[in-house]
Each structure stands twice: as structure tokens, then as C-alpha cells.
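Engineer: What follows is the residue order along each chain.
There are 2 protein chains.
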Amino acid sequence: MAEAGQGTALPRLLTTPAEVRAALAGRGRVGLVPTMGYLHEGHATLIAQARAECDVVVVSVFVNPMQFGPTEDLAKYPRDLERDLGVAGAAGADFVFHPAAGAMYPAGFSTRVEISGVSEPLDGAARPGHFTGVATVVLKLLNIVQPTRAYFGEKDWQQLAVVRRLVSDLDLNTEIVGVPTVRASADTPHAGLALSSRNTYLSPEQQRRATVLSRALRAVQTAYAGGERDTGRLRQAGLDVLGSEPELALDYLAVVGPDLRDVPRLTDDPLNRVLVAGRLFGVRLIDNMPLGVAPTVAAASAAAPSPSAPTPA
Amino acid sequence: MAEAGQGTALPRLLTTPAEVRAALAGRGRVGLVPTMGYLHEGHATLIAQARAECDVVVVSVFVNPMQFGPTEDLAKYPRDLERDLGVAGAAGADFVFHPAAGAMYPAGFSTRVEISGVSEPLDGAARPGHFTGVATVVLKLLNIVQPTRAYFGEKDWQQLAVVRRLVSDLDLNTEIVGVPTVRASADTPHAGLALSSRNTYLSPEQQRRATVLSRALRAVQTAYAGGERDTGRLRQAGLDVLGSEPELALDYLAVVGPDLRDVPRLTDDPLNRVLVAGRLFGVRLIDNMPLGVAPTVAAASAAAPSPSAPTPA
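Chains as they are written, first to last, in this note's numbering: chain A, 1 to 313; chain B, 1001 to 1313.
Quick caveat, the hints were computed from the structure, so don't treat them as lab data. Predicted model, so just to flag it, every value in this text is computed and none were measured. Where a beta carbon is used, it is the ideal one built from N, C-alpha and C, also for glycine. Warning: the hint list may mix true and false statements.
[As the list claims (entries may be wrong)] Covered stretches of chain A, as calculated for chain B (at least 3 residues, CB under 8 angstroms):
#	region
1	109-120
2	166-172
[Unchecked claim] Just a few of them, taken from the derived set where beta-carbon distance is under 10 angstroms, the chain A residues facing chain B:
#	residue
3	Tyr105
4	Pro106
5	Leu139
6	Leu141
7	Ile144
8	Gln146
9	Asp259
Model the full assembly from the supplied sequences, consistent with the hints where possible.
Structural biologist: Have a look at this one:
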């Protein structure tokens, strides 16, 4: 163990986190899939990828109170642990970690992880404190499980960016893996709708109308593929579609570069993205798509009013 | 590895961080001693204890810019890496981790760990942002080294409380060990002065006069030992001593219970403490002592104007 002996020998000097890690121990490959439960095909895809890449797969199921605002849907957020155990097991999970809220936030808890920059626009502006809650609970989960890789759905694109920043800034020894959003398949009436646990709040007809979000994103993708780089005009292509749904209370439709900030023009970058969020029939829905990538429909085997949305959000 | 097979087997349900840890891997005992360098006998004591208790001992040397205020002594804080390597090696360290500031805080860094409650009074009030900087860098160091135990000097009593809160709230798998303050020995002119790297700013005569802090703390200890529990009267016993030093600009003299908050009366508790901070000859000094514990002088072998103060503060 001790490379330098005791006494007066000089210790070996290390100057980077990577050196420290190399100098210290190692262990097996653990995959973590953090979720808020009510698992759907999107989560199953994350779990299956973890299963394929890791020796041990842990799924956390925790509806994190800290990331909900006082007027949000914490109390009614759908929960079904028994079903989640089945879905997680079928997808290849070895463990489900399901802590009580009091175990995660015992009396006297007083720590917050604040991330500036990437957490500020979009959902950060629409949901004050949300990403502080996300960053804090994700950090706790990463510390508890110490996974080699942690898997997050791209549906929560800004969350993914916040988590990547968290892991980088705090020197966590975990690789963050983003997994493309799973959508309702082409043979369903709500084809293209991003799977989300919150979809269970919607009737089948409401889910069909909620496809306005993915259709708007696709319109922006198409304009981008046609060479448009002016974010105002790209955005307008999406707004034209969203305007067809009178029940939509739009939070934002944003066309952004890698840092999630509005810019007047995009330069080519694989991280260019279009994001949308709004309230439809009283339910807050979000979605996003890459730009500069050929439009595709990631087809889920998901049958009709099944829910959907990877990770804690 | 995988206890539950793939396919449809139910995963094993875990409900506490401890269960997760037990279910997942294990490794050797790593001891970490976080410091800002310019090592003295106080640090050597921490390192020696780590050496006795762990298989591998890492000393970090990093003058953390994030915990210094804009008008504080970041630029002139004493540094001598070569000497630190010698002191660390002699005390039993295997590794010294000495990162560049740019490696700890690269461009784009945007994360802060905020701890409410215990970080708010005393030095938290006197040095806005200080404990946010401490908590953030300590978290980074703990994540990088992933030590079994991390050793902190009791001289920075509030820092120790903040770090304990950090580790508890964020589920870090590290045991925090507090080590009693080392003081200049009875055969020196500045007997009782808590060792601190900042003592190097003081002349021998100024160090002698700086013993007013430890003498004031001792007066409070004595009053407490005599049965006094009224914090106003305990505090006055210390103020009577401090009043003898006209050069002292006092920040605070506080008699507190376990949560570091002022109360009118103490109840018996081994964590009752008296703390002092102030500026003397332009140098900010802090010190503290336990109450309800027999007054002792922890004698260092420290010769005269050697510096002194465990850990990053």
C-alpha cells in the first residue's frame, strides 16, 4: 500500500485528480439509473443500456421533494413501487434503491448544491430552485452508489447538462451517459410523444393533442436541416405549429447552442438543440430534439396510455 | 456480481444508504489530511494520526482561493511546497496532492455548496462566503481522494462542524476525525498560542501578545469549571482578559452549545465550546477551547516562530 515508507522519505507528489485516482484503488463497474419511479419504456431503455455496459445495475426510485416547487405536483406524482420492481427487473436491474424521504433529508439537513450558468435559463427560470434540488439529490445518489456510469434520459436535456456540470465541477468519478428520448411509436395515436411519467395525467385524446410539442420540435429540425441558422426564424417554425393548440400555455420554445443560452445565430455544433416546455390540460410537459442530426422517430414498443420520462424530473 | 439474474427476476430492494454500501464493493483504508500547506506541528499531528489509523495517507496542499474574501490574505498566504514535502514525509504521508488552482477551478466552473445553519454565525458572519468555499473544496477533495477517514484540526472548530454537516447531508463515505489543537509549549515565550500558518505574519513579541486569545479562552474554561452556565457571565470572564490587549480588534468571543448558536444558558454537553476571533497586528487569528473538559496544554515540540493551524482555513 504505502509506496513511500514512514519516517523521512519524501512522499510522491500528485498534481491532478487523475493522478490521485490512478494512485489509489479500483473496483467493479456499477451502473446507476436515477429515476422518480413509475417506470416506462424510456427508463427500461436506460436500464438495459446499463445492464449491457456494467457488472451491477442499480435503479434508484425516489420522488425527490427538493426539486418540486410549492405549487407543483409532488403529492400527486404517480407512484407504484411494486410495478417498478417488475419493470426494473425485466430490464436487467440488480438492485432498486428506494429510500424514504426522511432517510434522504433527515432533521437538520442544511446543504444545497447551487449550479450557476447552465441551470439558470429555461426550466431554471420557469421552476425556481428545481435544479438545486436535482443537483443535490443526484449528488447524494452518486455518493451513495458511487457508480462507474450513471444513465440519464435526454428528454431532460437541461438536467443532463446540469448533472454533467456537477460531476465535472465536483470531481466525481462517474461517467454520465445521456440516452436518447424514447417516444410513442408510429403505430399509436400519439406517435412521437416523448414518454413521461406525467403522461399518465392525460387522457388518450389529450396525449394525442400533446404531440403538438414533438411536431413543433420536428418543424424546427426541418428548418435547421434546410440550412436555416437564424434562431428567430428557427423558433418561428416551431411557434407556427404550437399556435395550432389553443390549450397550450407555453413556458418557452428555445433554440440554443451547447451552453443553453439564446444566441441570434447558431454555428454548426452537434449540441445545438431545440427545447420546449408548457402546460397542456394542466400538466407541465417538456421535450427537446437535437439540431443538425437527421430527424428520426425512436420507436418504443410502448402501448397506448403508458407513461414516460427518464430520470428525476 | 449480479445477485438477481437478468430477465424477469425481481431486484433486491434497498432502502438506506448503508444497505447500498453494504451491497456494493469495498477497498483499503485511505486517510486524507486536507491542508493549505506551510505545514507545522499541528498538521504533523494530524498526519501522524492518519498514519497510525490508515493504510495510505494523502496530504492535500492547496491554498483554496474560493474560501478567501476579496480583502483577505490569499496572495500573501505563506507557501513552501518543498518544506511541506519534508514535513509531510517525516510525519508519515505517502502522497501529497498539490493541484494547481486552474485544475481545481477550470474555466466554466460554476458549482457552490451552500450549508445553512452551522455555517452562518461566527466566522460565517465575519467572512461572507468563506464556508461556501470551504465546503466546496473539501467536497472536491473528498471526491478525488475518497478517503476512509479525513482529519481536521479542532482549531477550526466551526469548519469542522461545517464539514461534518457536509459529509452527513451528502452521504459521503468518509469518517471525519477532529484532532485537538496543538499549542506552543509551556517553555516558549508564546506558550499556549494555537499553532497556525498565519502566526508567521507575527514577530516573536507579537506572538507573545497573541497569547491573550488562549488566555481569555482559558478564563472562560475556568469559570465554566467553577459551575458558571450563564453565557453572558462566561463571556465576560474572557472579555476581561481580552481587554488587556489594546491592539486587538475583536470579531467575536462566543460561548456556544453544540449547534454553535448563542444561548442564554448552557446545559452540560461535551460539545459546549468557547470561540474567539479577531485581528491583532493586522493578522486575523482564531482559537477555541472545549468547556466541561479539564483545561490542558497540548504541548507541541514547536520551537519559537514556527507557524501553525491544521487544515484549510
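Engineer: Determine for every hint whether it applies to the structure shown.
Structural biologist: Going down the list of hints, with the structure as the test:
With 10 residues having a beta carbon nearer than 8 angstroms to a beta carbon of chain B, the region 109-120 of chain A meets the requirement of three or more and the stated coverage holds. Counting residues of the region 166-172 of chain A whose C-beta sits closer than 8 angstroms to any C-beta of chain B gives 5, which meets the bar of three, so the coverage hint holds. For the restraint placing Tyr105/A at the interface with chain B, the shortest Cβ-Cβ distance is roughly 8 angstroms, inside the 10 angstroms limit, so the hint holds. Checking Pro106/A against chain B by beta carbon gives a least distance of about 8 angstroms; that is within 10 angstroms, so the hint holds.
Here the hint on Leu139/A is kept, as its CB sits about 6 angstroms from the closest CB of chain B, short of 10 angstroms. Interface hint status for Leu141/A: upheld, as the beta-carbon distance to the closest one in chain B is roughly 8 angstroms, under 10 angstroms. Using the Cβ-Cβ criterion of 10 angstroms, the hint placing Ile144/A at the interface with chain B is satisfied: the shortest such distance is roughly 5 angstroms. Proximity of Gln146/A to chain B holds as hinted, the smallest CB-CB distance being about 7 angstroms (cut-off 10 angstroms).
At a threshold of 10 angstroms, the smallest CB-CB gap from Asp259/A to chain B is about 9 angstroms, leaving the interface hint in force.
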